[in-house]
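These protein sequences, in sequence, are chains V and C.
Numbering of the first sequence is given in my numbering, commencing with residue 1 and proceeding in unit increments.
Numbering of the second sequence is given in my numbering, commencing with residue 10001 and proceeding in unit increments.
Just so you know, the hints here were simulated from the structure itself, not pulled from any lab data.
Note that CB positions come from ideal geometry on N, CA and C, so glycine has one too.
Honestly, I wouldn't trust all of these hints.
Below are the BS3-like pairs computed for lysine-lysine, each with C-alpha atoms no more than 30 angstroms apart in a straight line [what the hints assert, rightly or not]:
1. V:Lys112 to C:Lys10803
2. V:Lys112 to C:Lys11088
3. V:Lys28 to C:Lys10086
4. C:Lys10436 to C:Lys10407
5. C:Lys11088 to C:Lys10086
6. V:Lys87 to C:Lys11088
7. V:Lys28 to C:Lys10041
8. C:Lys10996 to V:Lys112
So, partial list: chain C residues that the calculated Cβ filter (under 10 angstroms) puts toward chain V [unchecked claim]:
9. Ser10073
10. Asp10110
11. Lys10117
12. Cys10984
13. Gly11091
14. Leu11116
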Amino acid sequence: MYEPKIIAFFCNWCTYTAADLAGVSRMKYAPNVRIVRVMCSGRVDPELVIKAFDLGADGVLIGGCHPGDCHYQNGNHKTLRRSVLLKKLLPQLGIEPERLRLEWISASEGEKVSRVCNEFTEEIRKLGPLKREVKNAG
Amino acid sequence: MGEELRIGVYICYCGFNIASKVRVEEVAEFASQLPGVVVSKAYKYMCSDPGQEMIKQDIKEHRLNRVVVASCSPLLHEHTFRKAVKDGGLNPFLFHMVNIRENVSWVTEDEDLATEKAKALVAGGVYRVSGQKPLQVRKAEVRPEVLIIGGGIAGITAALNIANSGKKVYLVEREPSVGGMMAKFDKTFPTLDCASCILTPKMSAVASHPNIELLTYSEVKSVDGYIGNFDVKILKKARRIIETKCTGCGECAVVCPVEFPSEFDEFLGKRRATYRPFAQAVPNIYVIEKIGSSPCTFTCPAGIQAHGYVALAGARKFEEAFELIMEATPLVATLGRACYAPCEEECTCNELEGTVLIRRIKRFIADYYYAKHPKPPYGPAERKSNKRVAVVGSGPAGLTAAYHLAKKGYGVTIFEAEPQPGGMLRIGIPEYRLPKDVLDRDIANVTSLGVDIKTNHRVESLKRLKQQGYDAIFVAVGACEPKWMGIEGENLEGVVGCIDFLRDVNLGRKTNLRGKKVLVIGGGNAAIDPARVALRLGAEKVILMYRRSRAEMPAFPEEIEAAEKEGVEFQFLAVPRRFTGRDGRVTRAECIRMRLGEPDDTGRRKPIPIQGSEFTVEVDLVIEAIGLRPSTHPFAEELALNKNGTIQVHPETLQTSLPFVFAGGDAVSGPSIIVEAIGHARRAAHYIDLYLQGKDISVPNFEELLPMVDKQEVLKRRPYPMAYSKPKHEISLEERRTTFKEVELPLTEEEVVAEAKRCLNCAVCSDCHQCIKVCPADAIDYSQKDQEVEVKVGTIIVATGFKTFNPERIPQYGYRRYPNVYTAVEGERLVNSSGPTGGEVILRDGRKPKSIGIVHCVGSRDRRFNEYCSRVCCMYSLKLAHLLKERTGAEVYNFYIDIRTPGKGYEEFYHRLMEEGVHFIRGRVAEITDWAVKPEEEGKLVIRVEDTLAGVIRRIPVDMVVLSVGLEPQRDAEQIRRMLNLSCSTEGFFLERHPKLAPVSTFTDGIFIAGACQGPKDIPDTVAQAGAAAAEAMALADKGFVELEPNTAYIQEELCSGCHICIGLCPYSAISYNPEKKVAEVNEVLCKGCGTCVAACPSGAAEQRLFETAQILMELEGGLHV
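Please build the complete structure, drawing on both the sequences and the hints.
Right, here's the structure in full:
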């Protein structure tokens, strides 16, 4: 079976903590998701997302605090705005916008981490491997 | 990086935690092949001393310049390994931690996949660490002051510990007293020592400690800043009592007429609006609870304290009530009869069984007072000023203004054109609504102050009046000029204006209408009065003709109804076109019928004549009551008037175009209601006073009301209407038709009290002013406002406690349906010797229980509500079982699922209870019902339960049920969480940084948690945690500084284009523009390290230390490479 590779940028305060909770609670989820910790989802540069696809990711998940909960006041709002633009940009690079997903997951929502990771993995599995002309050419 | 990379990789087994899913040796082997790796090992416990030692050794031995540890979450052990790396002689930031436990072994089923994932993550870590740079930690100063939120036993303990170490503590408690939940308890388990005895000394110590600043009745509004330097804003709610003056004598509460269910007594007892929650309250300072303005008071245009006098009437303080009304107006009895009572329309009870009869309460108050004092019990007011004021007009506005100005010490003269004073009250309101002797008595309230009323004295010129020696003039001439329809025949004898007709009757020039036919034209209240008067004068027939339909009539429905009952005939949708007569006297009115067309500007449907529908009415008298105009024409030369004849005034001060002239009442507003005029008069008197003192009147400073309360919130106090029938006392219809006797009879004293007791006390404090009068310390200050206090602290301890589960969520347990079902906290108050029953267990129905059932796990260990165990309920249930048995001798049954008594002396206590003969039945209670199926169940509450030990269904009849409710997060825990940037666990309790290793720390540095806000716990555990939190805070304060993650942003000047984008995005305003260099600059002190600027920088000039784009990309490359 095709196993997609998924990069998950999780913010330190909410979603990364939630992932820890999922672990402590021994909630199983798809091993395809590789978590990269950032301090705030607002740190997730569009460049990082595009590079992740370029480097071999089939999907990118961004996890941040719920609106109003951001440890840095409103970094997650900026992420939201950026992700909307980014989703419009991705098709121009030949990437289906569904390969990028933004989720608000608070520190207490370990279960949501597990659910979202599973769902997203399945969605990406259905989309199949990302066709990387640039990379193949290079 | 010029130097050669020498990376050490360490894979942790974490016992079986990692090794059972991840083949750690294989991962280590894999890592050893990665670029730059010179050492790669797997080890049982990397975090152990030997593990750390291994890293230190390897750094030296293998000259490592980078280290990767793959083990648990960096949130747990990053600090540990950084320290090891540092001790090994390497910069601690040349280290990266990979999480293969929480992110891999614990969440992955398959061993192969887990191992693969671990390899990928380790590769990511190795790649990433290659790009990491040495960094220096930042140091931030830690202020020694500590903020503690919550004054329960946790907050108290922490505060004392810290204060004893010599540091300043701000202890903020939102209730008026510290003590929290523990103060409600009678005894504490398992030792049964008295809760107050151990708590109150600590409470007093908090209040008297020189290092503790106690802020009760206060709430933390916002917290900004960072560990070491938090800026805290605290809202000190208005106590309406000056804290430094109050001695706690309680005289104010004795006289307070507002009774309110006591929150502290779980609503089983009463407190006053002026109160302290309990006798040992700390600080021993009362508080006057006021949550806004009551709708009645807020609405009253006259500014009368409606709620206040209703509350006083409820306490049978009728004289005090009278005096309170007199603070606003001397026309007490008049208003009690003739006011249209806008207050009653706003009364919150309208949403329930109907308005409190506020006006009729006022009438009773006036009648009661006048019966006792046929003459005012005071003499002329003291003259405090030699200035004189003339008041033109003796209606409600004139009288009220004169009254206030006289009380302020001015010489006041009223000029009245009519032969008797009272204005519209005298000439316009018929005797059957307002007896003239009643009005005379009200006017005596004014004249007794020394106000001179010159009747039959029409003022023609204000300037001349001024020349006569009056320093200011208040014009309140009213609106008594009739409007005419302007049709043919109006000049005939027998066609009169309503006010002329009423004036004649009211001034005793009675007209005999026996056998006459009277036609009244108009649809307002002014039309109803002459119609009803005409009936009483013996008219054979009275027709009230109105051009629209009944629905559009502006008259009040009760007035229309009364007129109809008395026999007034209504002709709607008709209008006279001309009057004709014989010998100059009117005999016929030629009329036409109307129909309603489209709505006009006023929103009412416009009447349109129906052609061919003409008809005639035989009449002897026509009274036109289509409206009144202000009687201001004599002043048209001197004052600026509006088009409709009203006087132009400043909306706030009521000053006219002549500075020494103020005006109010109908002359300003056009025809309106009495209370409106009184409101004008009070306001004008206030500003006339300031004007005469030569003070600035351009800044409004007349009384300011708090906003009206939210009625929906008030209704929560009594959501259901009570059984009630409106008392309606009127004289017989026969008497009404033939005499001018007052139609409405007074309420009895008992009815007045019953009415007043229905009052919901919307705003809580009624503004009755009684406490002001009795306070010996002069400590009452109604004008006190909420205050914001700002403090700076270095650390914060959150000790906000818990709330109990609301058992109404389990309807089958009958809480609030059956009065004898109690929550455990209510039970605590019942057995408490200082509780509402003095420690005697008396049920809501007055009985003493002979059998009691205690139901455990209510709302706990129940997937429908809270899955968790609330930890304290078993023990407090046992304690209550003991106390209830001791106090009542009743048979006590405990219904439990499991008895959990893990604690010092707890199990022994359980045994003691069993020996005392308390019954234990194992099983979750299915239902509590009053449905008796056996004779012995009659009148009892039956507990239905499956006894899982005996294997039978049982029905246990008892007199009293206590529900052992579980513990839940405070209702506003979510707001606190957001304010302090904490995290919550699934059930909503604040999340500790680590359940074992950092149980009182949070994910926000410098903020600690203690007590039940972190999760259900008993007093010993709470106190222990508070001590721990105090120690954490003190450690930081003593050290004086913290090391902060060096993850701040910086700008690479050579790349920066000076576009300003980052500046606007930074939530901490840490970035500024350097105009000389034309680049952005980061202020490291302000930067909190979120990295938003980095993500936004279009030229890649912004970077974040420790999270540099290149480093993250390398981590991606490594992770995706595998």
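Hint-by-hint comparison with the structure:
| no. | hint | verdict |
| --- | --- | --- |
| 1 | V:Lys112 to C:Lys10803 | holds, 27 angstroms |
| 2 | V:Lys112 to C:Lys11088 | holds, 28 angstroms |
| 3 | V:Lys28 to C:Lys10086 | violated, 35 angstroms |
| 4 | C:Lys10436 to C:Lys10407 | holds, 25 angstroms |
| 5 | C:Lys11088 to C:Lys10086 | holds, 24 angstroms |
| 6 | V:Lys87 to C:Lys11088 | holds, 29 angstroms |
| 7 | V:Lys28 to C:Lys10041 | holds, 27 angstroms |
| 8 | C:Lys10996 to V:Lys112 | holds, 24 angstroms |
| 9 | Ser10073 | holds, 5 angstroms |
| 10 | Asp10110 | holds, 7 angstroms |
| 11 | Lys10117 | holds, 4 angstroms |
| 12 | Cys10984 | holds, 5 angstroms |
| 13 | Gly11091 | holds, 3 angstroms |
| 14 | Leu11116 | holds, 5 angstroms |
Against the hints set out earlier in the document, a violation occurs for number 3 only.
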